[in-house]
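Peer 1: Fit chain V to the given chain P structure using the hints.
The listed protein sequences derive, respectively, from chains P and V. Everything in the first sequence is counted per my numbering, starting at 1 for the first residue and increasing by one. Everything in the second sequence is counted per my numbering, starting at 1 for the first residue and increasing by one.
Hint data in this document are derived by calculation from the structure and do not stem from the laboratory. Please note that the accuracy of each hint is not assured.
Unchecked claim - 30 angstroms max Cα-Cα, derived DSBU-like pairs, lysine-lysine:
hint, chain 1, residue 1, chain 2, residue 2
1, P, Lys82, P, Lys52
2, V, Lys131, P, Lys28
3, P, Lys149, P, Lys238
4, V, Lys137, P, Lys28
To be verified - Covered stretches of chain P, going by a simulated chain V footprint (3 or more residues, C-beta under 8 angstroms):
hint, stretch
5, 196–204
6, 363–369
In this text, a Cβ means the ideal position worked out from N, Cα and C, and glycines have one as well.
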Amino acid sequence: MTPQSFQSRARQAWTIARIELRRAFFAKRSLWVYALALLPSLIFFGHGIEAKFQTERLARRGLTAPPLLDSVREGEALDEVKARLGEPAEERWSVRTRRVRQRRQNSGTTTHVIEPAAGARFVRLNVTRPSYSGEPVARIYEVEVYGPKGGANLALHRPATGSIPCSETEGPEKAVNGSVAGGHDDKWCAEDWPLFLQVDLGAVRPVARVVVKHASAGGEDAESDTRDFNIQVSDDGKTFTTVASSTGAGLVEERTEIREVVYFDGQRRARLLFIDGALQQRSIRRLLDLEEDRMVFAGIFQYFYLRLAIFFGCLGIFMYLFRGEMSNRTLHFWFLAPARREVLLAGKYAAGLMASAAIFAGGAVVMFAAMLWPHDPVEIEAYWNAGGLSHGLWYAAAAALGCVGYGSVFLAVGLYVRNPIIPAAVLLAWEGVNGILPHALQKMSILYYLQSLCPVPAPMDAEAPMLIQLLAAPAAPASRPGALLGLLLLTGVVLWIAALAVRRMQISYGAET
Amino acid sequence: MSEPAVVFDEVSKFYGEVLGVNRVTLTIPPGITSLVGPNGSGKTTLMNLMTGLIFPDNGRIAVRGISPRNPEALMRITGYATQYDSAPRWATGFTFITTGLRLFGYGRTEAEERAWTALERLGLTDAATRKVAAYSKGMRQRVRLAQAIAHDPDVLVLDEPLNGLDPLVRAETIDLFRAWAAEGKHVILSSHVLQEVDVISDQVVLIANGTIVAEGRIRKVRDEIDEHPSQYIVRCRDGQASGVAALLFNEPHVTEVKLHDDRAGLLVMTRDRELFARALGRIALDGHRIESVVAADENVDALYEYLIGGES
Numbered sequence: 001m002t003p004q005s006f007q008s009r010a011r012q013a014w015t016i017a018r019i020e021l022r023r024a025f026f027a028k029r030s031l032w033v034y035a036l037a038l039l040p041s042l043i044f045f046g047h048g049i050e051a052k053f054q055t056e057r058l059a060r061r062g063l064t065a066p067p068l069l070d071s072v073r074e075g076e077a078l079d080e081v082k083a084r085l086g087e088p089a090e091e092r093w094s095v096r097t098r099r100v101r102q103r104r105q106n107s108g109t110t111t112h113v114i115e116p117a118a119g120a121r122f123v124r125l126n127v128t129r130p131s132y133s134g135e136p137v138a139r140i141y142e143v144e145v146y147g148p149k150g151g152a153n154l155a156l157h158r159p160a161t162g163s164i165p166c167s168e169t170e171g172p173e174k175a176v177n178g179s180v181a182g183g184h185d186d187k188w189c190a191e192d193w194p195l196f197l198q199v200d201l202g203a204v205r206p207v208a209r210v211v212v213k214h215a216s217a218g219g220e221d222a223e224s225d226t227r228d229f230n231i232q233v234s235d236d237g238k239t240f241t242t243v244a245s246s247t248g249a250g251l252v253e254e255r256t257e258i259r260e261v262v263y264f265d266g267q268r269r270a271r272l273l274f275i276d277g278a279l280q281q282r283s284i285r286r287l288l289d290l291e292e293d294r295m296v297f298a299g300i301f302q303y304f305y306l307r308l309a310i311f312f313g314c315l316g317i318f319m320y321l322f323r324g325e326m327s328n329r330t331l332h333f334w335f336l337a338p339a340r341r342e343v344l345l346a347g348k349y350a351a352g353l354m355a356s357a358a359i360f361a362g363g364a365v366v367m368f369a370a371m372l373w374p375h376d377p378v379e380i381e382a383y384w385n386a387g388g389l390s391h392g393l394w395y396a397a398a399a400a401l402g403c404v405g406y407g408s409v410f411l412a413v414g415l416y417v418r419n420p421i422i423p424a425a426v427l428l429a430w431e432g433v434n435g436i437l438p439h440a441l442q443k444m445s446i447l448y449y450l451q452s453l454c455p456v457p458a459p460m461d462a463e464a465p466m467l468i469q470l471l472a473a474p475a476a477p478a479s480r481p482g483a484l485l486g487l488l489l490l491t492g493v494v495l496w497i498a499a500l501a502v503r504r505m506q507i508s509y510g511a512e513t
Numbered sequence: 001m002s003e004p005a006v007v008f009d010e011v012s013k014f015y016g017e018v019l020g021v022n023r024v025t026l027t028i029p030p031g032i033t034s035l036v037g038p039n040g041s042g043k044t045t046l047m048n049l050m051t052g053l054i055f056p057d058n059g060r061i062a063v064r065g066i067s068p069r070n071p072e073a074l075m076r077i078t079g080y081a082t083q084y085d086s087a088p089r090w091a092t093g094f095t096f097i098t099t100g101l102r103l104f105g106y107g108r109t110e111a112e113e114r115a116w117t118a119l120e121r122l123g124l125t126d127a128a129t130r131k132v133a134a135y136s137k138g139m140r141q142r143v144r145l146a147q148a149i150a151h152d153p154d155v156l157v158l159d160e161p162l163n164g165l166d167p168l169v170r171a172e173t174i175d176l177f178r179a180w181a182a183e184g185k186h187v188i189l190s191s192h193v194l195q196e197v198d199v200i201s202d203q204v205v206l207i208a209n210g211t212i213v214a215e216g217r218i219r220k221v222r223d224e225i226d227e228h229p230s231q232y233i234v235r236c237r238d239g240q241a242s243g244v245a246a247l248l249f250n251e252p253h254v255t256e257v258k259l260h261d262d263r264a265g266l267l268v269m270t271r272d273r274e275l276f277a278r279a280l281g282r283i284a285l286d287g288h289r290i291e292s293v294v295a296a297d298e299n300v301d302a303l304y305e306y307l308i309g310g311e312s
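For reference, chain V alone in the conformation it holds in the complex:
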């Protein structure tokens, strides 16, 4: 093995009858890796498996060569910011982190210094002495991040880390991810919005229904998406839909036009968004009254629908 990796080898996990993840084989190199998939697809399950919060029913997992069944070694090099939005009642932002650090065997002074550094990095110094239970959702998200990084781990596992962050903090956080990745660390994060992470990720893993759908360098995955035809819903006035449909069908980039039953709506499928927009402009100038144009698949679910071949 040339570089330390997080390796899943034929890993399956079932929750009773319900499937968690199924026969996942995956090698994650250092750098920023995003697990992307709709809610319930198995992202959190993969992360929990990686950190030993749950154990696989089949298969083998190694995090930089360490089994998740050995938390004593694993958690020294791993930090996991979960999505569980809970903290002990007694904890302030500061004690929440120092308490965790004391278990690493740090002395009081060092634990406090490290906690302070972590809080500073996430802009939580002002709130450090307040109870975590009284934090806003975004602050709780950040304090969990701060706790995960406080012991300077090599493998950072972050479940939906950008959820609930305001744009400024979000940009800062992303810079942090990049800095860690540059140091040769693993930064593994999850998101259910591809656009949110595709610019920052070195690698994207697309998950649906507990299986890996696509995996690889971000450009490759992007190209796959770009070739995918776009769908639009066009609504016209005064029963002109059939006329518009005929005009659109003559455009070479339009692959399919479906007329709605109400004779006012059209479902148009096109290979080229830009040409489609220009064509619509021409048709409107010709006097056809177009009421609205809505992209039918700008939501991520539609993307997955395409990627996984129609299952949802």
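Chain P with its partners taken away, still in its complex shape:
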């Protein structure tokens, strides 16, 4: 019973780790971890394949000299461009047609001449198709009635009747009040069939001209103008004679030709958009842009890989190191081994760490390689010489250190809590709002330290709101050594808390005798 040396304990922990590796790598309930680790690689790989395929396809139709590609200006005609640049690598065109109402000047007001002038006391407007849009609502802003000599509007302020108005403020009197400029209420509005508006001129008068002001005369949409209607007159208000009718304006087809032509200079693809033959829009982009891909990589790495993939991956691997053995009823074998509980914890943590670091640092390396491979070897070499190698290594290191930190956290959580969903949600939220926490609390999050281990800052739109900026790119320790030290310290504290729990842990498999 001699007290054991540190070396023999370390050897014990290593033995435990080696036994546990199998569980850490191949636990059935954690196989989805691999999917998380490899998903970004698949995205980059897919992007590379697509770019290579496009290059191949566009180049087959012939390349355009780069200066010619840059010479295209907006407003140029399609024929000119084609004459200068030659046949495009790709051409697509479509015609968009739209049925629109034939526009005439002042279409909101219609004038109806009655020849010869008719004697009438009542003038009546029957609306048969109240709008162009199909809406069954009649809108008349004003009806004016004139005699053969013109002069005064005979209908002005005369008693008017009509179908039940849409609202109290839109009665028939509004159509004879001499105004159209009083807003949308300055009209007669009705949707109660039959739609009619009738003015009593007071006595039989000769009527030679009727002017009707529709929706657009009062500032509403022209589609709401009255489409079909007729005008009737009467001496006694009983027998009406139709004196004029209007069947509205016709509909015409408006045709727009949209043509997209693509030219390719071997690296850049120019998409030129011609509308009715004139260049409306041009965009020239590289099919593969290393600079851009690296930014995308930085974004995916920080926002998806570190924050979600490694987070949930470590949950899957570490949470069940103890919990899983409790539910399999095999934990007592470890507790019956001649080893301190702390040594068991260290061994299991080491196993989880080896597995998760191999999976996620490996995933990061594969992702980095998938991002680079489609690019021009010369460009890759230039990037390699300008620190590309160290970028790759730091990404792998950041992933591995993420496992160090998150692994310890989930190992501890698994010892204290049975169900992973709630603690995972709480932790995710904690890491998520890290950016807006006071500085002292920020130091208690894994993400805080991982931020500054990434070689390229994540892309951030400078115009994004302040809060989003803080959340997405929280403050980080200035130096890498500082971040490393901080992360390891935090991990140490979390593991110490886990050790407290594992020392107190008792076997409880449910039903016992």
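Peer 2: Same frame as chain P, but now just chain V:
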């Protein structure tokens, strides 16, 4: 302390509201000790406490002077074959044991040798390379035993070790227990059947409802049981029960006769089983038609009922 012992001192353990064991004070000397009690009485709880799988809420435990909170020292001298019928999915009989031995710091060769010896002792060499998960219940029982003894511990804790063993292996296993006990080791085993262990045990601890009911050398406990009157149920034909009852009541060794409501059955309590059997024979020869005689208390539960004074 003259000899190393396993000591429980006022130990209590509660599972939430449910009592596990209550104020157990017990000193177990080396040799074979059997913990006997019905299911749920606290045998496994005592064993788990002894080996540090669970910790007491009150009291103190020392296994040969070592606290169960120190597994590093305790488990070097202790082997525990639990009743948990589980093994890691990957384990074969052989790797199951070598894996455990590697944690003792044995080299590969020594671990394999020891594993082989342990498997041999329990007759598992043929099955050594098969997955434990595919073993029969009895084989899994034996492989757990083999694992518990592989590092040659001084204190062997075995939870229901004879359960599921066929008679041949059972006899061999019992011989093993005796051999270990002769070496001055602790062999602590549990059983819910007293007859199964009383012949082999140096000491028996009877447990019910989490407390120690009786403890001591096996003969003492046996005598206590022998003085306990036996009960029989006698069933007669043709409504002759009352006649038989009258005859039986005249026998001096019969202490009580109860007539069943159906007037065909009798509950008889006797101090002497042999005399009772002879008396029944005489009554039958006299022409009373006795249909059947069943011992009412040959099950262990009845024994406990007596030992703990009517609680069950």
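Peer 1: Against this structure, judge whether each hint is valid.
Peer 2: Going through the hints against the structure:
1. Lys82(P) to Lys52(P): Given that 30 angstroms is the threshold and the Cα spacing comes to 26 angstroms, the pair holds.
2. Lys131(V) to Lys28(P): 18 angstroms, holds
3. Lys149(P) to Lys238(P): Answer holds: Lys149(P) to Lys238(P) is near 27 angstroms, not above 30 angstroms.
4. Lys137(V) to Lys28(P): Within the cut-off at roughly 25 angstroms; holds.
5. 196–204: As far as the stretch 196–204 of chain P goes, the hint is violated, because 0 residues have Cβ atoms under 8 angstroms from chain V.
6. 363–369: The restraint on the stretch 363–369 of chain P is violated, since only 0 of its residues have a Cβ under 8 angstroms from chain V and three are required.
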